[in-house]
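Chemist: Each chain, letter by letter, is given below.
Protein chains: 2
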Amino acid sequence: MNEPTPEQTAALNERHRARMERKKAIVDAKIAAADKEIGIIVVNTGNGKGKSSSGFGMVARALGHGMKVGVVQFIKGAMSTGEEKFLRRFPDEVSFHAMGEGYTWDTQDRVRDTEKAQAAWTQAKTFLADPAYGLVLLDELNIALKYRYLDVDVVIADLLERPAMQHVVITGRGAPPELVDIADTVTEMNVVKHAFKAGIAAQAGTEF
Amino acid sequence: MNEPTPEQTAALNERHRARMERKKAIVDAKIAAADKEIGIIVVNTGNGKGKSSSGFGMVARALGHGMKVGVVQFIKGAMSTGEEKFLRRFPDEVSFHAMGEGYTWDTQDRVRDTEKAQAAWTQAKTFLADPAYGLVLLDELNIALKYRYLDVDVVIADLLERPAMQHVVITGRGAPPELVDIADTVTEMNVVKHAFKAGIAAQAGTEF
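Taken in order, these protein sequences are the chains called G and C.
Residue numbering for the first sequence follows the numbering used here, beginning at 24 and increasing consecutively.
Residue numbering for the second sequence follows the numbering used here, beginning at 24 and increasing consecutively.
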C-alpha cells in the first residue's frame with residue numbers, strides 16, 4: 024500500500040474532526056438531558072465472565088469517591104477470593120460478609136443452602152437499611168433467587184425500601200425477570216470465548 | 024397456593040441433591056481437564072456497562088493475591104475516576120498511567136490523539152516487558168485500535184512477546200477481530216437496560 028499524500032492525510036484528519044464534532048454535540052445533549060441524581064440498581068447477568076469482577080470494580084470506584092461499601096457474597100464464599108483478601112484490608116470502608124459455603128453443587132443440601140442464603144439476606148438488609156452505605160454489592164444473589172433459596176418478592180420489597188441515594192449492584196447468571204423490571208441498568212455478559220474450555224485452569228488473579 | 028406437604032418438601036430436596044450431585048461430577052471433570060497454568064489475555068467488549076469496571080475488579084483480585092499490577096488508561100484519562108483515586112493509594116503495588124486526554128469527541132484532533140495513544144502504548148510496552156507485573160490492564164485500548172491511533176499488528180506482536188505467566192485485560196467496545204483471535208477469554212457486555220437513557224445522570228460510584 025502506498026503512503027497517503029499530505030493532502031489525503033489532511034482530508035482524513037478533517038473528516039475525523041467533523042465526525043467527532045457531531046458526536047460531541049450528541050453526547051453533550053444526552054448529558055444535559057440526564058440530570059437525575061438518585062441511587063440506582065445495577066444488574067450484571069448472563070453466562071459470560073465479568074459479572075462479579077465488574078461489581079468489585081464498582082466497589083473500588085466507590086471507595087475512590089470516599090463512599091462506605093457493604094458487600095454480601097451469596098453462594099460463593101467458600102473460596103477465599105483475591106477480592107475478599109484485598110477488601111478486608113479496609114475494614115473501616117468496606118463491610119464484607121461471605122456466606123461461608125461453596126457452590127451449591129458442592130453442598131447438595133438444599134435445606135442448609137436455604138438457611139445460609141436467608142442469613143446472608145438478613146446481613147444484606149442491614150446494609151440496605153443504612154444510608155451510611157453508598158454502595159451495596161450483592162454478589163451472586165441471582166443464583167440464590169434462581170434456586171429459590173430466597174423469595175424474589177421479599178428481596179425486591181427490601182431493595183425498593185432502601186435509602187434514596189444508595190446504589191446497589193446485583194450479580195449472577197439467570198437474573199429473574201421481576202428483578203430486571205425494577206433495575207435501572209442491566210447488562211448481559213455473554214461468552215465469546217473462554218480460556219477454561221481450552222484446557223486452561225482457573226488461576227489466581229484472573230478467575231478468583 | 025397450599026403449603027407443600029413434608030413428603031413433597033423431602034422429595035424436592037432429594038431431587039435437588041441428585042441434580043447437584045450430577046452437576047458437581049461435571050464441574051469436577053472439567054476442572055481436572057483444565058490444568059494449564061499460563062498467562063491469559065482477557066478481552067471485555069460490547070456496548071454494555073461493565074467492561075472497565077470488570078477490569079478494575081480483576082486488578083483488586085490480583086492485588087489480593089499479592090501480584091504487582093500495571094494499568095494504562097487509553098482515551099479516558101481526562102476524568103479523574105474513582106478507580107484512579109483509589110488505586111493511586113497503592114503506589115508500590117499498582118503502576119497507574121492515564122493517557123491524560125478526554126474522549127476523542129472532546130478533542131476532535133486526530134493528530135494529537137494519535138500521539139497520545141502512541142505514548143500510552145510505549146508505557147504499556149514497559150509493563151508487557153517486565154515479568155514483575157502479574158497483571159496488566161489496558162483500559163479502552165479497543166477504542167484506540169478502532170480509530171487506528173495504534174496499529175493492531177504491532178499491538179498483537181507486543182502482547183504475544185510478553186512474559187509467559189503475565190495476564191492481560193483489554194477493554195473497550197469494538198474489539199478488532201484480530202485481537203479476538205489471539206485472546207483466551209472474550210466477553211461481550213450487552214445493554215439490556217441503561218439508567219442514562221431513563222434520564223439519570225452519570226454519577227460518582229456507579230459510572231465513574
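One or more hints might be untrue.
Label pairs and their computed distance ranges (CB to CB) [said to hold, decoys possible]:
id : chain 1 : residue 1 : chain 2 : residue 2 : range
1  : C       : Thr149    : G       : Val215    : 36 to 46 Å
2  : C       : Pro27     : G       : Glu116    : 26 to 36 Å
3  : C       : Ile54     : G       : Glu116    : 44 to 54 Å
4  : C       : Lys53     : G       : Met188    : 17 to 27 Å
5  : G       : Ala155    : C       : Ala41     : 27 to 37 Å
6  : G       : Phe113    : C       : Ala33     : 26 to 36 Å
7  : C       : Val215    : G       : Pro186    : 51 to 61 Å
8  : G       : Arg171    : C       : Arg135    : 10 to 20 Å
Below, in silico cross-link-like pairs of lysine-lysine (PhoX-like), each with a Cα-Cα straight-line distance of 20 Å or less [claimed, not checked]:
id : chain 1 : residue 1 : chain 2 : residue 2
9  : G       : Lys53     : C       : Lys216
10 : C       : Lys91     : G       : Lys108
11 : C       : Lys91     : G       : Lys91
12 : C       : Lys108    : G       : Lys216
13 : G       : Lys47     : C       : Lys46
14 : C       : Lys46     : G       : Lys169
15 : G       : Lys169    : C       : Lys169
16 : G       : Lys46     : C       : Lys169
Worth flagging that the hints you see were computed from the coordinates, not collected in a lab.
From the three backbone atoms N, C-alpha and C, an ideal C-beta is built for every residue, glycine too.
Chemist: For every hint, state whether the structure bears it out.
Modeler: Outcome of the hint check:
A hinted range of 36 to 46 Å for the beta carbons of Thr149 of chain C and Val215 of chain G is inconsistent with their spacing of about 29 Å. Checked against the given bound of 26 to 36 Å, the beta carbons of Pro27 of chain C and Glu116 of chain G, roughly 44 Å apart, lie outside it. The supplied range of 44 to 54 Å is broken by Ile54 of chain C and Glu116 of chain G, whose beta-carbon atoms lie about 34 Å from each other. Taking 17 to 27 Å as the suggested C-beta distance range, the pair Lys53 of chain C and Met188 of chain G does not conform, at roughly 43 Å.
Restraint check, Ala155 of chain G to Ala41 of chain C: a C-beta distance of roughly 44 Å breaks the suggested window 27 to 37 Å. A hinted range of 26 to 36 Å for the beta carbons of Phe113 of chain G and Ala33 of chain C is inconsistent with their spacing of about 45 Å. Range check, Val215 of chain C to Pro186 of chain G: Cβ separation about 25 Å, and the 51 to 61 Å hint is violated. Between Arg171 of chain G and Arg135 of chain C the beta carbon distance is about 56 Å. The supplied range of 10 to 20 Å is therefore violated.
The suggested pairing of Lys53 of chain G with Lys216 of chain C holds, with an alpha-carbon distance near 16 Å, which does not exceed 20 Å. For the hint linking Lys91 of chain C to Lys108 of chain G, the alpha-carbon distance of about 15 Å falls within 20 Å, and the restraint holds. Distance restraint check for Lys91 of chain C and Lys91 of chain G: the Cα-Cα separation of roughly 26 Å exceeds the 20 Å cut-off, and the hinted pair is therefore not satisfied. For the hint linking Lys108 of chain C to Lys216 of chain G, the alpha-carbon distance of about 32 Å lies beyond 20 Å, and the restraint is violated.
Taken as a hint, the Lys47 of chain G and Lys46 of chain C pair is broken in the structure, with Cα atoms around 50 Å apart against an allowance of 20 Å. Distance restraint check for Lys46 of chain C and Lys169 of chain G: the Cα-Cα separation of roughly 15 Å lies within the 20 Å cut-off, and the hinted pair is therefore satisfied. With a CA separation close to 39 Å, the supplied pair Lys169 of chain G and Lys169 of chain C exceeds the 20 Å bound. For the hint linking Lys46 of chain G to Lys169 of chain C, the alpha-carbon distance of about 15 Å falls within 20 Å, and the restraint holds.
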